[in-house]
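> First to last, the sequence lines map onto chains A and B. Residues in the first sequence are numbered from 1 upward in steps of one, following my numbering. Residues in the second sequence are numbered from 1 upward in steps of one, following my numbering.
To be clear, the hints were calculated from the coordinates, so they are not data collected in a lab. Nothing here was measured: the structure is a model prediction, and the numbers come from that model. Beta carbons: idealized from backbone N, C-alpha and C, even for Gly. No false leads were mixed into what you were given.
In silico DSBU-like cross-links for lysine-lysine, where the CA-CA straight-line distance does not exceed 35 Å:
(1) K955/A x K605/A
(2) K22/A x K171/B
(3) K81/B x K22/A
(4) K81/B x K851/A
(5) K837/A x K851/A
(6) K851/A x K171/B
(7) K171/B x K955/A
(8) K446/A x K652/A
(9) K381/A x K225/B
(10) K955/A x K81/B
(11) K81/B x K929/A
(12) K225/B x K309/A
(13) K203/A x K250/A
(14) K81/B x K839/A
(15) K454/A x K442/A
(16) K250/A x K225/B
(17) K225/B x K203/A
(18) K384/A x K225/B
(19) K40/A x K171/B
(20) K936/A x K110/A
(21) K81/B x K815/A
(22) K815/A x K171/B
(23) K40/A x K81/B
(24) K203/A x K171/B
(25) K548/A x K442/A
One side only, chain A facing chain B, incomplete, derived with CB under 8 Å:
(26) P16
(27) G49
(28) K196
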Amino acid sequence: MPDGAAPDRPIALSLPPSDEVKTSTCYMCACRCGIRVHLKNGELRYIEGNPDHPVNRGVLCAKGSAGIMNQLSPAKLRKPLKRVGERGSGDFVEIEWDEAMTIATDRLAKIRESDPKKLAFFTGRDQSQGLTGWWASQFGTPNHAAHGGFCSVNMAAAGLYTIGGAFWEFGEPDWEQTKIFLLFGVAEDHDSNPIKLGLARLKERGAKIVSINPVRGGYSAIADEWISITPGSDGLFILSLCRELLRAGKIDVEFLAQFSNAGHLVIDKPGSDTHGLIAKDEHGAPLIWDRLTDLPVAFPGQNVSPAMKGRFTLPDGREVVPAFELVARRLSEDQFAPEAITARTGVAPETIRRLAAELAEAAFENDLTREEEWEDGWGRKHSKVIGRAVTAHAMRGVSAHANGFHTCRAIHILQLLLGAIDRPGAWRYKPPFPRPTPPGQKPTGKPHQVVPGKPMPGPPLGFVTGPEDLLLNAEGGPQRIDKAYSWEAPVAAHGLMHMVITNAWKGDPYPIDTLFLYMANMAWNSSMNTSRVAEMLTDKDTTTGDYKIPFIIYADAFASETVNYADLALPDTTYLERWDCISLLDRPICDAHAAADAIRQPILKPDRDVRPFQTVLLDLGARLGLPGLVNEAGEPRYPGGYADYIVNHERKPGIGPLAGFRGADGQSRGRGAVNPKQLERYIENGCFWQEPIPADAQHHRFANQAYLDWALEMGFIESPAPILMQLYSEVLQRFKLAAEGHGEVQPPDQLRDRIKRVFDPLPLWYPPFEDESNDEAAYPLHGITQRPMAMYHSWHSQNAWLRQIHGANRLYIPKALAEAQNIADDDWVWAESRNGKVKAQVRIMTALNDKTVWTWNAIGKKPGAWNLDPKAPEATRGFLLNNLIDELLPEQGGYRYANSDPVTGQAAWYDMRLRVVKMTEAEARNADKASEAELKPPPGLATPPERLLYRGGNKGSDKA
Amino acid sequence: MTSLPTSPTEKRLGLVIDLDTCVGCQACVVNCKEWNTGGYPAPLSDIDPYGANPTGAWLNRVHAFEVEPDVGSPQVVHFPKSCLHCQDAACVTVCPTGASYKRESDGIVLVDEDRCMGCGLCAWACPYGAREMDPGVGVMKKCTLCVDRIYNETIAEEERLPACVRTCPAKARHFGDLADPSSDVSRLVAERGGMDLMPEMGYRPTNQYLPPRARREGCSSQPAKALETANPEGGFLAWLDRILSD
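Extracted from the complex, chain B is given alone in its bound form:
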């Protein structure tokens, strides 16, 4: 068994994903793939890429769900999903080889591929389905929070972000330290009611999801005042006379 850090990690780096803004465009999914297939977890293999059953390893996927609220019209919610870098990460503790581990300094959960024998226990332990066995090289792959970008001194400081965050056209993805209550991401979680995914499972995920905002019927917080007929007596053209005479 592999142990988790014994005390809370100094930082809790993670993602805050805004379900109100995500349009499901898959930019994060593909940009993650292209960064990481040449990065820390390289390669992210694709099997039968031009064939009848193309499959590959992806560290991030976006799903779409329909929601039928009691009041109002049906909605579609796009739901990006990658490793949530749980504080109580069962994927780490079940790992028989010590390949799966959680970093003490920032809480990132990684796989040390040299130690991974591809048994797949960690994927079974993950309630979120966030780990993927690489079909080409037989080891487990997962989101690294782009650990080879976020500390990378050869990259401009403002671009030291996970690839998915940096590329998101709808600005639905945010990265930061969720252990720091004054960080932008922590403030966002506080303001928007950020949520754990499946808190009942007790894994204490680091990544947070911002729920869709209430859909509004009015233009501002108050519904717009209903339009009165400008001049009920003489009709619209009579109103026009009046306005032109002013």
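Bound conformation, chain A alone:
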């Protein structure tokens, strides 16, 4: 009935959206935003950001907003599975939990009583590493790590060894006061919402955003300036900026002298076993040269003027040079001149000069300095808090290269030269950082620490400070299956998960019995050289007929590609169905102004026979009788599962997984007795806890006594000693000395040159190894991935909403390349590397470095995986770039090293070199068919519906 005029028609404007609202913590990616989950008639009605939460302050991204569809996904595993056919075939039977736990317990018990390191326990984007790492120690295996080695360990390690913090969980820009923000590489996934909120503040305030990224998408799209850098050359760009600042004297010498080792005297005695080490007094204190008395004194000294240059002779005859002079001489080398770096970086010399001038202006000409008295941990009184309005952020973009450690370190050197660390306008620490440079925990797993039937005396992961800390076997070879903390990856702070399958398959350094994986899609997007990895997982010893990797246990909530390669699959809950803690013992969620941690609470009851993995792990540990997991009577110590552990576990007296609401009365924070009502208190508080940092403790936290005292009281640090910035890396020099033949712990001869080259205590850049391994003419292009903001790794192809946004990835190629090769939009091409080729459909892009092609990470899927139709676009038109990158470098002297950073072992994903070849017409006609073999879905999955008419728990009739 047509209307005349248009009065407001009566509609219900004030219907309560839901019957019930519960708070929790998102897990649609790793950022851990606070959420409010609305329920209507017992169904999920709406998930929104929690406005009170410190991480996201009410906003929520596309992934978090699609949580409903995660819960509805038909790819959820529903019951434990036991393999009955050939591995990889998808032939499983559903079994009861009792049987599953018995299988796992029997297998692991035998390993533990014979050789515990034959269990390799690796977890993916796990937010319970506080538990999983501790569990591995209790089991007694050194073979544990999470996914950091293939993610951003270069970022974490370079930061922790240089400034005691890094980016994302370690620190953040002063969004409210910085004037210039350097954003290096792909950053859209970490830290998701906080960075978007921060960028919005920068925009609002008119601060300048400079993006250094081969691709101008995502955050780079809104940058004021885009530096179209050639992948792998960021270090040159940064060190050239440093050189310009030095040339102009625009550096903070006072900051360096007071808070870093810039003034420390470096022994200059080439060929000796002390060359390059810092001279110390008889108490072990580092020496500086006082220009007033012309004498050496222990750092920091009283009323001294430390020399920053010159050559001095100590009373014992040793010649020494201040570290700063060595760093300055390195940075002044012609290799870093703006003109010299242009060819490699693609950045014009005048751009370097102008940006250096802008950095200098923001750092040294701002109005952020304020009068404020404070005392540092060396007892020195200061009258000012100085503003330095320059900030940076970097994640995988600079990390995932074979030169990534030094590139990340270069960013921190730039910050140090400008004095732009934890000051107004600068990058600022988040508790529990800063930590000592590096933190004191050493890795555990030396041969005498791995004993059948016994726990290890410490955690598997830690921070080496010299060759004596390496985990080496009796022959000096790798002690860990991933070769972390061996001479191949000495500073492997997060392990090398990406090498576990290759090494275990080869039995190098030794065969293992069981590979136990949690939430890591190692048969697909989390491995380099994916096709080969799938073969390794199913490969058998031709004489015995046994699988080369004898047993694989895999825990996941969803039917990912990796489930098909499991012998035993343990179905996990979703993030809305379980207890979790976001712990300061693991990966913190603090900000620069406050400490914080959080929980997840079960909001929905699982409708299938699944158990929270953390509870399963505690159960398994108790069945195995692991010391920390049973009481004196041998009964389970945490019979209430993970929630029991979260409340009652104490890592040290008074310090447990959650720092808030401790003590019998719930009034203690940081340290305090167990509070049986702790989880209730968290729920009352919105499922998080936050403790503001005292106002006088929010700057210079590496040395600010007020902060150090507070952090000690909170349990974040073990001593109130100030933390020294490492402009010069003595740790790296110790490894270099070993490579030169000094000391008892010696590298194999074939690695000496590499170690001498990369274990440089000074700022360094060298070409990625793939550049050296590839013929530039044959493979002229760099291949990288970017992170879609609406999808997290492979997780979300099973999400009905998110896959409508990213359903089939394209290969983005630069316009000039397209023209040169007569390629049009939508054409099909082959992307070819020395490791193979994959098909891809092209999209032409102008805002792209002319030597680079890219695609979205992990959109392509194996047909049949994730309970998608095998004809799903993810499988037919999507593709995985991982197939093009070898996990090993070409043979050198009869051996193939990991395609990883030689310092940390970080996977060098972004070193990929390739070429693009247009398909023939005949090839293109069949290009949109799946090229991978189809996976048979495991049994018991729900039948995917043909349509979804989701009403959020509301009743209603459907028209049709």
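Given chain A, work out where chain B should sit, using these hints.
Showing chain B alone in chain A's frame:
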């Protein structure tokens, strides 16, 4: 035919979308979907959701475009698009059943689904492509400005915002009364040169877009002064001597 309000609506509620700040993250797109699939236009259906050709009804989508300016490097602009709640809304006047209508009190354009027969004329009439036929229930769906949130007294007052605005992590979306020159959104439009989308079509959209700000090469409004060599005679280390002697 359905008529538009005969005089200007008392309020003109709408969105102001900042193209300078939008990073294209799709948060608004998905949060809109989850609110509305259980809200006023419920459901927003998805067909073949796990299959070869998944499609669904969405009230808001974000597109990305490349721009090659005459001067400077190429840019990517993210462009969120939903119903603009036009003052001269052709989607209303073409509706043969009276399902499509514009509210007199606030200018919101809605579809009364009970009257919609799914003929799709309104989608043809909309120059912005902002209406979507629901593939599961066969009626037209469109942005409601979250009419069931913005007046909802059971929701905290500061949260009575369209879902897309409330969730936007980059703060690129603003909601308010564009008929009130003193409102925050009107001021933002005035300050930043807010624009009609395709004004030549004459539909007088309520929603406004803020254009990307001019990209700056300098740190402040003035380019930073070029760096002089600190001590050309003796090099950097000589400069260091000088500064340490001060």
